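The residues making up each chain are set out below.
Number of protein chains: 2
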Amino acid sequence: MPQSAYQDLTSHFARIGRIRNALGILGWDKDVMMPSGAADSRADSIATLSVLCHDMLTDPRVGDLLDRAQAPAGTWEAANLHEMRRAWLHAASVPAELVEASSRAASRCEVAWRTARRDGDFAALLPLLSDVLERTRELAIVKGAALGLAPYDALLDQYDPGTRRADIDPVFAELRRDLPGLIAEAQAHQATLPPVEMPAGPFPVAGQETLGRRIMTALGFDMARGRLDVSIHPFCGGAEDDARITTRYDDADFLPALMGVVHETGHALYEQGLPAQWRTLPVGQSRGMSLHESQSLLMEMQIARSRPFIDWIAPLLRETFGAAKTDPGWSADALYRTVTQVRPGFIRVDADEITYPAHVLVRYELETALIDGTLPLRDLPDAFNAGIRDLLGLEVPNDRLGCLQDIHWPSGAWGYFPTYTLGAILAAQFRQAAFDADPAIAQGIARGDFAPLLAWLRTHVHGQASRLSTAGIVAAATGAPPSTRAYRAHLRERYCGTGPH
Amino acid sequence: MPQSAYQDLTSHFARIGRIRNALGILGWDKDVMMPSGAADSRADSIATLSVLCHDMLTDPRVGDLLDRAQAPAGTWEAANLHEMRRAWLHAASVPAELVEASSRAASRCEVAWRTARRDGDFAALLPLLSDVLERTRELAIVKGAALGLAPYDALLDQYDPGTRRADIDPVFAELRRDLPGLIAEAQAHQATLPPVEMPAGPFPVAGQETLGRRIMTALGFDMARGRLDVSIHPFCGGAEDDARITTRYDDADFLPALMGVVHETGHALYEQGLPAQWRTLPVGQSRGMSLHESQSLLMEMQIARSRPFIDWIAPLLRETFGAAKTDPGWSADALYRTVTQVRPGFIRVDADEITYPAHVLVRYELETALIDGTLPLRDLPDAFNAGIRDLLGLEVPNDRLGCLQDIHWPSGAWGYFPTYTLGAILAAQFRQAAFDADPAIAQGIARGDFAPLLAWLRTHVHGQASRLSTAGIVAAATGAPPSTRAYRAHLRERYCGTGPH
Numbered sequence: 001m002p003q004s005a006y007q008d009l010t011s012h013f014a015r016i017g018r019i020r021n022a023l024g025i026l027g028w029d030k031d032v033m034m035p036s037g038a039a040d041s042r043a044d045s046i047a048t049l050s051v052l053c054h055d056m057l058t059d060p061r062v063g064d065l066l067d068r069a070q071a072p073a074g075t076w077e078a079a080n081l082h083e084m085r086r087a088w089l090h091a092a093s094v095p096a097e098l099v100e101a102s103s104r105a106a107s108r109c110e111v112a113w114r115t116a117r118r119d120g121d122f123a124a125l126l127p128l129l130s131d132v133l134e135r136t137r138e139l140a141i142v143k144g145a146a147l148g149l150a151p152y153d154a155l156l157d158q159y160d161p162g163t164r165r166a167d168i169d170p171v172f173a174e175l176r177r178d179l180p181g182l183i184a185e186a187q188a189h190q191a192t193l194p195p196v197e198m199p200a201g202p203f204p205v206a207g208q209e210t211l212g213r214r215i216m217t218a219l220g221f222d223m224a225r226g227r228l229d230v231s232i233h234p235f236c237g238g239a240e241d242d243a244r245i246t247t248r249y250d251d252a253d254f255l256p257a258l259m260g261v262v263h264e265t266g267h268a269l270y271e272q273g274l275p276a277q278w279r280t281l282p283v284g285q286s287r288g289m290s291l292h293e294s295q296s297l298l299m300e301m302q303i304a305r306s307r308p309f310i311d312w313i314a315p316l317l318r319e320t321f322g323a324a325k326t327d328p329g330w331s332a333d334a335l336y337r338t339v340t341q342v343r344p345g346f347i348r349v350d351a352d353e354i355t356y357p358a359h360v361l362v363r364y365e366l367e368t369a370l371i372d373g374t375l376p377l378r379d380l381p382d383a384f385n386a387g388i389r390d391l392l393g394l395e396v397p398n399d400r401l402g403c404l405q406d407i408h409w410p411s412g413a414w415g416y417f418p419t420y421t422l423g424a425i426l427a428a429q430f431r432q433a434a435f436d437a438d439p440a441i442a443q444g445i446a447r448g449d450f451a452p453l454l455a456w457l458r459t460h461v462h463g464q465a466s467r468l469s470t471a472g473i474v475a476a477a478t479g480a481p482p483s484t485r486a487y488r489a490h491l492r493e494r495y496c497g498t499g500p501h
Numbered sequence: 001m002p003q004s005a006y007q008d009l010t011s012h013f014a015r016i017g018r019i020r021n022a023l024g025i026l027g028w029d030k031d032v033m034m035p036s037g038a039a040d041s042r043a044d045s046i047a048t049l050s051v052l053c054h055d056m057l058t059d060p061r062v063g064d065l066l067d068r069a070q071a072p073a074g075t076w077e078a079a080n081l082h083e084m085r086r087a088w089l090h091a092a093s094v095p096a097e098l099v100e101a102s103s104r105a106a107s108r109c110e111v112a113w114r115t116a117r118r119d120g121d122f123a124a125l126l127p128l129l130s131d132v133l134e135r136t137r138e139l140a141i142v143k144g145a146a147l148g149l150a151p152y153d154a155l156l157d158q159y160d161p162g163t164r165r166a167d168i169d170p171v172f173a174e175l176r177r178d179l180p181g182l183i184a185e186a187q188a189h190q191a192t193l194p195p196v197e198m199p200a201g202p203f204p205v206a207g208q209e210t211l212g213r214r215i216m217t218a219l220g221f222d223m224a225r226g227r228l229d230v231s232i233h234p235f236c237g238g239a240e241d242d243a244r245i246t247t248r249y250d251d252a253d254f255l256p257a258l259m260g261v262v263h264e265t266g267h268a269l270y271e272q273g274l275p276a277q278w279r280t281l282p283v284g285q286s287r288g289m290s291l292h293e294s295q296s297l298l299m300e301m302q303i304a305r306s307r308p309f310i311d312w313i314a315p316l317l318r319e320t321f322g323a324a325k326t327d328p329g330w331s332a333d334a335l336y337r338t339v340t341q342v343r344p345g346f347i348r349v350d351a352d353e354i355t356y357p358a359h360v361l362v363r364y365e366l367e368t369a370l371i372d373g374t375l376p377l378r379d380l381p382d383a384f385n386a387g388i389r390d391l392l393g394l395e396v397p398n399d400r401l402g403c404l405q406d407i408h409w410p411s412g413a414w415g416y417f418p419t420y421t422l423g424a425i426l427a428a429q430f431r432q433a434a435f436d437a438d439p440a441i442a443q444g445i446a447r448g449d450f451a452p453l454l455a456w457l458r459t460h461v462h463g464q465a466s467r468l469s470t471a472g473i474v475a476a477a478t479g480a481p482p483s484t485r486a487y488r489a490h491l492r493e494r495y496c497g498t499g500p501h
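Chain order of the listed sequences is X and W.
The numbering used here applies: residue 1 is where the first sequence begins, and numbers increase by one.
The numbering used here applies: residue 1 is where the second sequence begins, and numbers increase by one.
Hints listed in this document are in silico derivations from the structure and should not be mistaken for laboratory results.
Treat the hints with caution; some may be incorrect.
[Stated by the list, open to error] For each label pair, taking beta carbons as the anchor points, the in silico distance ranges come out as:
hint	chain 1	residue 1	chain 2	residue 2	range
1	X	ARG389	W	VAL205	53 to 59 Å
2	X	PRO60	W	LEU98	31 to 37 Å
3	W	ASP31	X	ARG213	56 to 62 Å
4	W	ALA451	X	ASP253	41 to 47 Å
5	W	ARG248	X	PRO397	50 to 56 Å
6	W	ASP449	X	GLY345	51 to 57 Å
7	W	ARG248	X	SER50	52 to 58 Å
Predicted model, so just to flag it, every value in this text is computed and none were measured.
From the three backbone atoms N, C-alpha and C, an ideal C-beta is built for every residue, glycine too.
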């Protein structure tokens, strides 16, 4: 019996998936293991395999097979076909010359950005960033035409399939309205609390690592299918059955590595929980960046910065670093106060939970206006600073601390920023639904028992892979469409003294 | 101007080379970093990329281009064309079904071998090993027909391009004649020496590693283009500009890791010394297994087990492990006695320098007879044991310590064994030529100055890559064809008390 078009497609996409797994390991190795002298050679290998994947994806036979392939509606097979078509449309809609021009513009701009950021010199970056923006707009237009989407939605769809500006705008408008008040309220509440008291270091790296592994394992990370290592910029990477997270240690402060490990473990648990029978195929992959970020933020923000979690780890921390229970900085009260401290600042990646969305709102508003063409790029610094002033009440002193701080725009990642806050919103919604569904989930945390939580996530999120849209997964898991209700309640409870955690 | 056939070929082979670099990192990661649960997924990725390389190599256009491509005789370009043709002939001469049948037979036999070796049960392995042998003979015949070679030479050519049985037979016949007498003489000489006195451990792994890195660096290993890590079976792997060696540590004995690091550093220096302008292309690769092994054995056997080297590292060892100079086991005399100890035994990989070739001679004679069909496979154990009896005077008590000890035959690596001893012979010849060429080379060793030695190797061996045949490189470097003269002199001097080192 001849193979069906569907079977031909799955064989072809599985082959692409196996090369992507190779790329995952090569990318991880580049950031964690590779000696500096191998950078050029590695870039060549990665480029060769990336071009190969792109060529396989845009092979003319793929379009023919997609036209002929069939699968019963509502099945995983149908979702698999849908994802194959989506991947093909994204790749095949862009002429090779535009792919190359975009990639070259971004590479050049990214290099120049490192200097421009250091010098706070936006004018120096403007021509190259303008080039990136123009190529990105072209890309957005041709992809949008192929996908039947507005240009910005086509960019967004690369990172967060199915999410549209029309979904984001009302959510972010609501946040923009409420956030300044919420932050003010949080700061007022914080003023009534005792001052933050940090335990005194140094905190040996070996102890931080051992504790990190203990917490990873408690959260459900499978060490036989992943690793923990060190890199300059923490990330979760690797390949299927091989989720590799990284962190960096500071022996003067154990919290960044600790919370970083929890955050990346959230990402890795998602990857480790994808359904084995669909691995290597498009439908078996994680759904998108919002959902991915929801899993890391659920673990870091919803769980690890909650009081029950701090109650569990406070004694482990004292044991790890040989501190006395009576040492005031090591009490669960003091640690909880530290991990929920509110401190508006200029740098997004250093922001606390409640001021973080302000950074995202500013970037989202600016990048949509830049793609629409309603904001001239030369006006970006003023507009950026105005946004920070409006939302955080801070005067940005220079572009290094302002619009030059992130690599996203110079590197061509437009449409990415909103997924951070969408993820934070979904994290709260998932946490609430999980707690409502099974009382053992909340009860387990203070004992370090996360098995009930993981079981719920496995069934309702991880195991769904890309079978449904993000909104579809959220609705099936929580019984409601994506909403900021749980997120806003969570922020008020934690930061405004209105609730138990 | 259209690209020439030669340029088309170099582009195509460079692309293959970049995928091979990716495979090098994936293979290293598999043995050093990969969590156990990723084994299947990784095997899939490696198989996909290997098939891809094979498909690219056997692409019908390659044959056409090779027919049309031209390069002036005697140039690197001509050698590059020659190597491209060789790679293409090896790959394209074998029908895909035979590649697959051989690979499957070897995979099955390798798995069964692990059990059969443990149980010393040759009869249990016989049917599967017979299958591997039959497939290997078929492969040898079809490759031989394409390459114009006898079957065994075609196998040998896979590992050691250009080396023929007619080159090996007289060399090995000479060794077979002299070796038993030489070993007896060495044992008699050893009986006149004081007993071996091993320093008492434990030897902390951190100290062993620090010292290993120090010695690697002294030998000329470029840490910006390579790594040192730990694996169960030490090896040198990685990719271009990224030579990665591994070792394993035993805190009861520092010598295996120390000598292992030196050995693998020899391999890595060869890789790091290949000419940058030909990297990724066939002519820019290392020449073959004999020459590769000559570089590791030159460093380990010719240099690191010599008296001047021991004089240099004895104080470093005492410093590393906090030993007193007066401690008798730590004197240079005692250490030299230890690293040159002769102990005939059953296991090839544990053999000392002078008994090692006996293990190789036995295997070479048996594998040529098996490929020729003059030895029935069922008679292998008796023939193996007879060989060990003849050359080492030992009675092999079971097949675990006899013909089942090595993975080579079960895994399909026939024609590989002789390269170990060919490498040892060339190592001695290179060392002698280097010492003769520049007095600073020998003088530097006792001071830990290996720069003059490395400079000679860079010019005469590493930098030649695959521009000439192995014999051509040896002749150009040493002024003489490959010969056992230096090797036999070296063994007599070191082990029979006839010389200075």
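Each hint, compared with the structure:
Between ARG389 of chain X and VAL205 of chain W the Cβ separation comes to about 56 Å, which falls inside the hinted range of 53 to 59 Å. For PRO60 of chain X and LEU98 of chain W, the hinted distance range of 31 to 37 Å is satisfied, since their beta carbons lie about 32 Å from each other. One distance hint, 56 to 62 Å for the beta-carbon pair ASP31 of chain W and ARG213 of chain X, is violated here, with the actual separation near 22 Å. One distance hint, 41 to 47 Å for the beta-carbon pair ALA451 of chain W and ASP253 of chain X, holds here, with the actual separation near 44 Å.
As the Cβ distance of ARG248 of chain W to PRO397 of chain X is approximately 54 Å, the hint placing it in 50 to 56 Å holds. About 54 Å separates the C-beta atoms of ASP449 of chain W and GLY345 of chain X, a value consistent with the hinted range of 51 to 57 Å. Evaluation of the 52 to 58 Å hint for ARG248 of chain W and SER50 of chain X yields a failure: the beta carbon distance comes to about 35 Å.
Violation of the numbered hints given earlier is confined to hints 3, 7; the remaining hints are satisfied by the structure.
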